[in-house]
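S.K.: Sequence:
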Amino acid sequence: MNLGFHGKEAILGLSKSHVEETMREQIALITGGAKGIGRACAEAFLESGARVSLISRSSSELESTAKELLKVYPGKVFSHSGDISNQETVSSWFDQTRKALGEPTLLINNAGIFINKSVQEQSLEEWEKVVRINLTGSFLCAQEFFKLAKDSSVPRAIVNISSLAGIRGTEKFPGLSSYVASKFGVVGLTEALAVEGKALGILVNCIAPGAVDTEMLRQAIPGMKAKATPKDIAKIVLFLCDENKSAVVTGSTIEIFSNL
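The opening residue of the sequence shown carries number 1040 in our numbering; numbering runs sequentially from there.
Be a bit skeptical, because a hint or two may be false.
[Unchecked claim] Derived BS3-like pairs (lysine-lysine); straight-line CA-CA distance at most 27 Å:
#, residue 1, residue 2
1, 1115, 1274
2, 1211, 1156
3, 1074, 1115
4, 1168, 1237
5, 1074, 1237
6, 1156, 1189
7, 1189, 1115
8, 1074, 1110
9, 1211, 1138
10, 1168, 1156
11, 1237, 1211
12, 1138, 1110
13, 1106, 1270
14, 1270, 1284
15, 1115, 1284
16, 1115, 1270
17, 1115, 1168
18, 1110, 1270
19, 1168, 1074
20, 1186, 1168
21, 1156, 1106
22, 1284, 1189
23, 1186, 1284
24, 1237, 1110
25, 1189, 1168
26, 1284, 1106
Keep in mind the hints are simulated off the structure, nothing from the lab.
Assemble the whole structure, with the sequences as input and the hints as a guide.
M.R.: Here it is in structure tokens:
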């Protein structure tokens, strides 16, 4: 029996307005927000009452996504085109978000790229590009986010998106050495940030999904079918950002073996 939203919430004793209130005061920064998991996270936060600020290197896709979201959630979406591996870009994005929406309380480090080349073929420039976006970009955004906490006692949370490729003992695929290394780094960064974030009231966690039905997966591993969708991952992100549900969770990496 499909109860739909109202039926499910009635059983739980909750109203739709109560669910929306859980994120009403939150402002979420989302990297790689134009499509895939990033866009799904934006939609999930907006549905829960939050405001969102998106950044992406793809200005055309970002503009399209922002316009579509603003039609449904006027005044609750800000977008900024740029490369998160650039410190000035990150600083500008944070500043403009504060002016447009208010002070950010959540950070979703989702942006990521891959270059499918063997170790012998991959240039140092290509290696560094992947590491800078996947790992250094997450560090730069977290660094800027930590600065906000010095001026406020508001509970905050960071969710980093890694990959099962960044987990010891999982299956690895040829040609993705820089991607794998960067995603291992994201897991380590999460644990380090959680330690430093404790005194500032910042919860820091990580999600390491396996195959997710995104354009990136189709490009990286053609032919692989994925059971998980971006919306599935967004639900977990939302849980980790809800202080009423996950206030004791920090420094953790949730591994998503969706294709088992």
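S.K.: Are the hints correct? Go through all of them and say.
M.R.: Cross-check of the supplied hints:
Note on residue 1115 and residue 1274: the hinted pairing holds, with a Cα-Cα distance of about 20 Å set against a maximum of 27 Å. The straight-line distance between the Cα atoms of residue 1211 and residue 1156 is roughly 14 Å, inside the 27 Å bound, and the hint therefore holds. Only pairs whose Cα atoms come within 27 Å are accepted, and residue 1074 paired with residue 1115 is accepted, the gap being roughly 18 Å. At roughly 31 Å between alpha-carbon atoms, residue 1168 and residue 1237 are farther apart than 27 Å, so this suggested pair is violated.
Between residue 1074 and residue 1237 the CA atoms are separated by roughly 31 Å; this puts the pair beyond 27 Å, and the hint is violated. A hinted pair counts as satisfied when its Cα atoms are at most 27 Å apart, and residue 1156 with residue 1189 does not qualify at roughly 42 Å. Between residue 1189 and residue 1115 the CA atoms are separated by roughly 25 Å; this keeps the pair inside 27 Å, and the hint holds. A hinted pair counts as satisfied when its Cα atoms are at most 27 Å apart, and residue 1074 with residue 1110 qualifies at roughly 17 Å.
In summary, the hint linking residue 1211 to residue 1138 is not supported, as the alpha carbons are separated by about 43 Å, beyond the 27 Å threshold. As the CA atoms of residue 1168 and residue 1156 are separated by approximately 13 Å, the hinted pair is consistent with the 27 Å bound. Proximity of residue 1237 to residue 1211 is assessed by CA-CA distance (about 33 Å); at most 27 Å being required, the pair is judged violated. Our distance criterion of 27 Å between C-alpha atoms is met by residue 1138 and residue 1110, whose separation comes to about 21 Å.
Distance check on the hinted pair: residue 1106 and residue 1270 sit about 20 Å apart at the alpha-carbon level, within 27 Å; holds. For the hint linking residue 1270 to residue 1284, the alpha-carbon distance of about 19 Å falls within 27 Å, and the restraint holds. Straight-line distance between C-alpha atoms of residue 1115 and residue 1284 comes to about 24 Å, which keeps the hinted pair within the 27 Å bound. For the suggested pair residue 1115 and residue 1270, the alpha carbons sit about 20 Å apart, so the restraint of at most 27 Å is met.
Taking the CA atoms of residue 1115 and residue 1168, the gap is near 32 Å; set against the 27 Å cutoff, the hint is violated. With a C-alpha separation of about 20 Å, the suggested pairing of residue 1110 with residue 1270 holds against the 27 Å cut-off. Distance restraint check for residue 1168 and residue 1074: the Cα-Cα separation of roughly 20 Å lies within the 27 Å cut-off, and the hinted pair is therefore satisfied. With a C-alpha separation of about 26 Å, the suggested pair residue 1186 and residue 1168 falls inside the 27 Å cut-off, and the hint holds.
For the hint linking residue 1156 to residue 1106, the alpha-carbon distance of about 36 Å lies beyond 27 Å, and the restraint is violated. Between residue 1284 and residue 1189 the alpha-carbon distance is near 24 Å, which keeps this suggested pair within the 27 Å criterion. As the CA atoms of residue 1186 and residue 1284 are separated by approximately 25 Å, the hinted pair is consistent with the 27 Å bound. Straight-line distance between C-alpha atoms of residue 1237 and residue 1110 comes to about 38 Å, which puts the hinted pair past the 27 Å bound.
With a CA separation close to 31 Å, the supplied pair residue 1189 and residue 1168 exceeds the 27 Å bound. Our distance criterion of 27 Å between C-alpha atoms is broken by residue 1284 and residue 1106, whose separation comes to about 31 Å.
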